[in-house]
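> With chain A fixed as given, assemble chain B onto it according to the hints.
Number of protein chains: 2
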Amino acid sequence: MLGNFTYHNPTKLYFGKDALQGLSEELPKYGKTVQLIYGGGSIKQNGVYEKVVAILKACGKTVVEDGGVMPNPTVEKLYGGIEIARSHHTDLLLAVGGGSVCDYAKAVSASVHCDEDPWKKYFLRGEEPTCPTLPVGCVLTMVGTGSEMNGGAVITNPAEKRKLGHVFGSDVMPKFTVLNPEFTYTVPMRQMVAGIYDAFNHICEQYFSGDDDNVSDDLSEALMRSIVKNSRVAVRDPKNYEARSNLMWAATWALNTLLSRGKTTDWEVHGLGQAVGAYTDATHGMTLAAVTLPYYRTLLPYGTAKFKQFALNVWNVSPEGTDAEIAERGLSALESWMKELGLTIHLRELGVREEMLEGLADATKNRSGGYKILTREEMLAIFRASL
Amino acid sequence: MLGNFTYHNPTKLYFGKDALQGLSEELPKYGKTVQLIYGGGSIKQNGVYEKVVAILKACGKTVVEDGGVMPNPTVEKLYGGIEIARSHHTDLLLAVGGGSVCDYAKAVSASVHCDEDPWKKYFLRGEEPTCPTLPVGCVLTMVGTGSEMNGGAVITNPAEKRKLGHVFGSDVMPKFTVLNPEFTYTVPMRQMVAGIYDAFNHICEQYFSGDDDNVSDDLSEALMRSIVKNSRVAVRDPKNYEARSNLMWAATWALNTLLSRGKTTDWEVHGLGQAVGAYTDATHGMTLAAVTLPYYRTLLPYGTAKFKQFALNVWNVSPEGTDAEIAERGLSALESWMKELGLTIHLRELGVREEMLEGLADATKNRSGGYKILTREEMLAIFRASL
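So the sequence lines, in the order shown, correspond to chains A and B. Be aware that the first sequence starts at 1213, since it is given in the numbering used here, and climbs by one per residue. Be aware that the second sequence starts at 1213, since it is given in the numbering used here, and climbs by one per residue.
Just so you know, the hints here were simulated from the structure itself, not pulled from any lab data. A hint or two may mislead.
If chains are identical, the list can't say which one is meant, so a pair holds when it fits in one copy or spans any two.
Below, in silico cross-link-like pairs of lysine-lysine (DSS-like), each with a Cα-Cα straight-line distance of 30 Å or less [said to hold, decoys possible]:
#1 Lys1269 to Lys1373
#2 Lys1451 to Lys1551
#3 Lys1584 to Lys1229
#4 Lys1332 to Lys1551
#5 Lys1451 to Lys1387
#6 Lys1387 to Lys1241
#7 Lys1224 to Lys1241
#8 Lys1244 to Lys1387
#9 Lys1577 to Lys1289
#10 Lys1269 to Lys1256
#11 Lys1224 to Lys1333
#12 Lys1263 to Lys1373
#13 Lys1224 to Lys1387
#14 Lys1332 to Lys1256
#15 Lys1244 to Lys1451
Bound conformation, chain A alone (with noise of 0.2 Å):
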């Protein structure tokens, strides 16, 4: 069953390999100046700053420089991006780069015209913004967040060991988006199997949760079967355009909205992935697929009849033996996948040690929407079994 629900995504995608003409489309409907926004440079060696910057200026805007954005944006970082937008009077934020930069210019948007300090206001308490916002349009270069098509923005407060997610209305959304497949052939593979198990991991979030049969489930299970076999591609083969822009269309729908539609969610993965991402700085896929089998092996006695589901409709495991071994099974096949694509599944690997285990449990911020909410002995007991 569907419960009451709206459904509102008015973001305008170009996509493929001539997707860049959308942002000469675009330009004109927006103020003179606009906020450049990127990370740490990698678009200047792959020539996509150069071109992008070539349609600003042929499109006679003045460009603001707001570069440095880094994989995890902090609260400090978000502080100077509203001042250059005050200073400058910004018109349209323009995000260049994968999910920080998007998350970035949303929070960047909706605080330029806030009294309040952000931080506080929309990701500590939740709040909706109550003031105007800047326009915010995006050219994706590394493909995993969903950023680019929703109103979610995390960010991190190192001072405070905090990383907190905002979903902001569609007022925040990006206007538009440029998806062009070519832009993400130069991501690191680590980045790329970080990003692309980001977005089979919102599915999953959005899946184990509630015993409806219904379209969500249907459509999650076909975006799922679509990542892992393209994936399977692009890793062997980072170059190929059909996996490549297969994995970037998947990964848009895996996270605007529509697979949430009507039903509840868990979001737990994440809860747990940004509590050390809070504390280690790491790649935020990488956190997400280090907690993840443990934190499903702990869920499954909850949830056998979906876990089966998942394994039967997206794994295509064996249906003998009992659910429980049915539903073992795709958990199994699902570590298989992760490892293929060299995710990393221990904690330690990433900077994690036993004396902080109980920080992170302390930074975790614990979901209700799936089949069990957890207790502070199951968080350890997660963390330690990842260790």
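Quick look at chain B alone, frame taken from chain A:
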């Protein structure tokens, strides 16, 4: 491989038992005069009309009646609706009913400020609107066409014996749509199954085209499986909310442009079926059902790999035998399901006679996106095989 494309679908959806509350949220965004568009009066019998008018009054709107939209809206009716909108200075076109009223509302939207004959401009010549359009909202009471979240409109010209569609851009798409599965409970069984088949066939039209194995195919198979599964519940138990809600949601996604992104599409079942509709005024979904099997059996040798994939992934048939045998097993499963639903699969039952066949072939818009372009002889053979 996914080709270049854009995706932009800004329709806001309110779904569920409480979805009509969305109308109260939306109405204040528009001017005072609402043109209330509906069909033959079923919404007066099932109470939806009364509920909608109560909300319109509570929001202080002036209601201009525009009822009597027929199942295949005619060009004469369209001219009448344009006249109503012009003389009353309509601010919002509110369609309450099934695909016909949504289609009609979109055609009126693009025509009110158009100086040319909309039949010629949009439907015969396929041009885009060059004038301002009026906003459209929908309250859906019948599932199938997908018109509630796309830019499509089909209009029939009985004098010319032509039924033609035009796909308008996102400006003409409904600004909002109310989707309450309970509003579909009173649809007669014959209309319900025709709508279910319409939705299923929309997916087929986008699926049976192209050789690539991409995300769209995975999503299409998921939606087809969901429709088959839920239709079997709905025909036995029409008030099963879970089945009706899944059917409603799947039908919306079957034709809101997602599935066709980056791939070629066919639409020849609609080409053949709309010719039948223009001649007989038969229910749209039934015209599609009647031409489907002979058309797909004609197409099968040219797209065997895809028909085999359809057989295995949608119908879960045995993988024994040659590709052609497996593929035909899928069409047999489709045929069994169509009979199980009580769909009309013979043109004679829709009023077609042998002497009409040449005229039907003349009226068929031949598309070129599928696995083969039909010759006139093949069209005649398909119509004849269905008699």
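> What hint numbers does the structure not satisfy?
Hints 1, 4, 12, 14, 15 are the ones this structure does not satisfy, whereas the remaining hints hold.
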